[in-house]
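Peer 1: For reference, the chains in residue letters:
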Amino acid sequence: MGRIANAAVFAVIGLTGVGVATWGSIAGVTCDGDPMRPGDRCLEISEGEALWRTYAEKQKEQGQQLLLLRGGGALFLLVSAGAVAAAVGRSRLERRDALEARAWMTVR
Amino acid sequence: MTTYLGSDSVPMEAAVAAGSRALGPHQVSYPVQTAGRPLVGLGIFVVLWTAVAGLMAVSAGDSPGLYGSSPWEAALPFTVLAAVSAAGFLLLLARSPIVSARARQLQVHVFEHGWVRVRRRRVEVYRWDEVLTLYAAVGTSKAGHLRHPVHHYRITFADGRHVSLRNYSTDMVRFGPLLVDAVTRVQLPRAAAHLRADGTVAFGAFIVTGGGVATRKGGFLAWPEFGGVSVESDQVSIFDRQGRRASPQAAVDEIPNVRTFLLLVHALAKNPA
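Sequence order for the protein chains is A and B.
Take 41 as the starting number for the first sequence in my numbering and just add one per residue.
Take 4 as the starting number for the second sequence in my numbering and just add one per residue.
Don't take every hint at face value.
[Unchecked claim] Subject to a maximum C-alpha distance of 25 Å in a straight line, what follows is the list of computed SDA-like cross-link-like pairs (lysine to any residue): (1) LYS145/B / LEU108/A; (2) LYS220/B / ALA48/A; (3) LYS145/B / SER120/A.
[Claimed, not checked] Stretch-level coverage of chain B by chain A, calculated; a stretch enters the list once three of its residues show a Cβ under 8 Å from a Cβ in chain A: (4) 181-195; (5) 199-205; (6) 255-261.
Please keep in mind that the hints were generated in silico from the structure rather than gathered at the bench.
Glycine residues also receive a C-beta, built at the ideal position from the N, C-alpha and C atoms.
Pulled out of the complex, with its shape left as it was, chain A reads as follows:
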């Protein structure tokens, strides 16, 4: 049960990452949450300095973030699938062990 619980935690994290990345792709390029279109500029304030960013710059930056999220999410899903496979394999072995033990535990 512990292995399945671990797999579930990894699956939730992975699905969240992939889900957020997919949602970000649908939402398109944004500036402070507002959708941007080619030709728009976005004002960012960092450490007291104002910086104008173009649509292309924001698209590249947000594209990298989404890729990272999608990749990380996929990695967690892969680990989750591995944990499920290991749990299924372990469970099969434990059923075999119980069956074999039944044979000699019935000797009196």
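Given chain A, put chain B in place with the hints provided.
Peer 2: Only chain B this time, still in chain A's reference frame:
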């Protein structure tokens, strides 16, 4: 059939359950444990998230628009985390024997032929001779400088029931070794009898035979060459008289009835069947 109705140490429900399965005389009782580490951990999270929420609210008040439109908005995610941690802390505390009279009644009562576990909604009865497989994971888990004792026993019974006993199920430091000893005492003569009658007894990755120890992967070490069993870093392997490892390593918590296996092999190595 012996029952101990009205005994000070065994409540009526446990005594009746023990009598119904002929468990014999009562020996010892162990109380359920307070989940101390999870409580402390959740308490730390409550303090941590509350402090971060406070800092976020103060920072947002000083620099409007930096983290959100208002101090409350900025602090909201960490306030939610603090509230969830606090809810977990209070739930654990309410169910712990420190404050709950019912939790103090949730004990494991050991009898000569088995044990009774009083739980919140039911009373469970188990006999030592009904244990088919007992996997034991006992040790210390390490996370950086933090060390955490691990007591995890997974048991399958002849009637198909599965039980998992962990650190806080009861006083596992005492009950764990007692459980392994009692189960081994029942299993060892049966394993030896089956070996004489059938010629093999399997223990997960290892198969004990009249001629030696075989592994699932096809290895075999005859008793005259058998040097012993090594249990190191939670890994079990067999080695020959020259001290060379003669089997793949198997995790100790993946070998069923590992104590019975070790004692059987030890006895056979000295006096082969």
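Peer 1: Compare the distance between the alpha carbons of LYS145/B and LEU108/A with 25 Å, and conclude whether the hinted pair is satisfied.
Peer 2: 30 Å, violated
Peer 1: Holds or violated: LYS145/B and SER120/A, Cα atoms, limit 25 Å.
Peer 2: 23 Å, holds
Peer 1: Regarding the pair LYS220/B and ALA48/A, is the alpha-carbon distance no greater than 25 Å?
Peer 2: Outside the cut-off at roughly 32 Å; violated.
Peer 1: Are at least 3 residues of the segment 181-195 of chain B within less than 8 Å of chain A when you compare beta carbons?
Peer 2: holds (count 3)
Peer 1: Three or more residues of the segment 255-261 of chain B near chain A by CB distance under 8 Å?
Peer 2: Since 3 is at least three, the answer is holds.
Peer 1: Three residues minimum, CB to CB under 8 Å: does the segment 199-205 of chain B make the cut for coverage by chain A? Let me know.
Peer 2: Holds, because 4 residues of the segment 199-205 of chain B bring their Cβ atoms closer than 8 Å to Cβ atoms of chain A.
Figure legend: structure checked against the earlier numbered hints; hints not met, in rising order: 1, 2.
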